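Protein chains in written order, with my numbering: chain R, 2 to 194; chain A, 2 to 194.
Everything labelled a hint here was simulated from the structure, so no lab data went into it.
One or more hints might be untrue.
Because identical chains cannot be distinguished in the list, a pair is counted as satisfied if it fits within a single copy or across any two copies.
[Claimed, not checked] Below, in silico cross-link-like pairs of lysine-lysine (BS3-like), each with a Cα-Cα straight-line distance of 27 Å or less:
1) K177 - K87
2) K28 - K84
3) K96 - K192
4) K84 - K156
5) K84 - K96
6) K192 - K156
All of these numbers come straight from a predicted model, not from anything done at the bench.
There are 2 protein chains.
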Amino acid sequence: MNFRPTMLTAAALTIAVVALSQSTTQKGPVFTKDGDLVLPSGYRNWVFLGGPITPNGLNDGKALFPEFHNVYVELDNFRYYQKNGKFPEGTVLVKELVLTQVGPHPDGSLDSASGRGYFPSTLNGLDVMVKDSKRFGDTHNWGFFTFGHQAPPYKSVANVMSAGECASCHIAGVAKTDMVWVQYYPALTAKID
Amino acid sequence: MNFRPTMLTAAALTIAVVALSQSTTQKGPVFTKDGDLVLPSGYRNWVFLGGPITPNGLNDGKALFPEFHNVYVELDNFRYYQKNGKFPEGTVLVKELVLTQVGPHPDGSLDSASGRGYFPSTLNGLDVMVKDSKRFGDTHNWGFFTFGHQAPPYKSVANVMSAGECASCHIAGVAKTDMVWVQYYPALTAKID
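So here's chain R without its partners, still in its complex pose (with noise of 0.2 Å):
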């Protein structure tokens, strides 16, 4: 079949060449030659899947993860979970601390125009969680790095952590749920978009 490139034709290159240009941000996990993992990019305009938060105003001022842990999963990964109830290989979890407004209450909360309680001030540290049962199948297939717990900006690269360090809290809380605390994640698996 002949046909001439019609304003159709030319309509949906210039598409394919915007929608190409929009997708540049990270797809995946990116590890060095050494089998160090990349700071991930682009995790501002994944998925947000909750923030719990441990002050350290209830942890005796010294909270593991203070205090809100905001975890982020690329919007591909989300679909997948929804539809399997499982993350897929590939599948990279941030988690982006971010400290709370000092407040006078005993417990570090504070006062605001919404009533009383935590409310978030600065960044302050990413941890990474990756699935691959290849590289980190001795930990139920997920690898764990930290990119540092302080303001950006933060570690460039990271190496794994020990199974001692993060995996066996998620082994011994989450392994019968892909090693995420999905039950913190409503949005996994509301009816809704």
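Got chain R sorted already, so can you dock chain A onto it with the hints?
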């Protein structure tokens, strides 16, 4: 110029179709002919700005917004704010309320492997702000809507709240920062993506 459809053209068309099917999320607010706001769609894939928490346990069991208030904005409007320090016309901010797991402490907090604190349980409501200087000039260019403070499904449309219900608190507290509690949303001003 005559030519046959090539694999490249076919691939471009395929990508265009995929791109279109992936970008079905709404851009900007949708109003009915009566001026009511249609429930925003696609916000699960918007940028998460922050999730302040005002637990019932710290508010005599009657928090105004129990308990996490997770706030989302579209990526384009997020980038606009980062560049210009204000939101553009047509910005939609979604605030989804999420209840916490029931904990044994008097303040409602729970002990978990990561420490004592508050952990999300189920979705429980949706409020929305829309910036539109023509429609909402009387309330500093923003209109306020609630799609219900209950589990999904949320209301499908909502009419604008009176100035005394929502706007007055924002005018009193954050009129100077485009009516938004930007001090609780560190991603807006962080020097990282």
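Verification of the supplied hints:
| no. | hint | in the structure |
| --- | --- | --- |
| 1 | K177 - K87 | within (10 Å within a copy, 45 Å between copies) |
| 2 | K28 - K84 | both (19 Å within a copy, 26 Å between copies) |
| 3 | K96 - K192 | both (24 Å within a copy, 18 Å between copies) |
| 4 | K84 - K156 | between (34 Å within a copy, 25 Å between copies) |
| 5 | K84 - K96 | both (23 Å within a copy, 25 Å between copies) |
| 6 | K192 - K156 | between (37 Å within a copy, 14 Å between copies) |
Violated hints are absent here; each numbered hint is respected by the structure.
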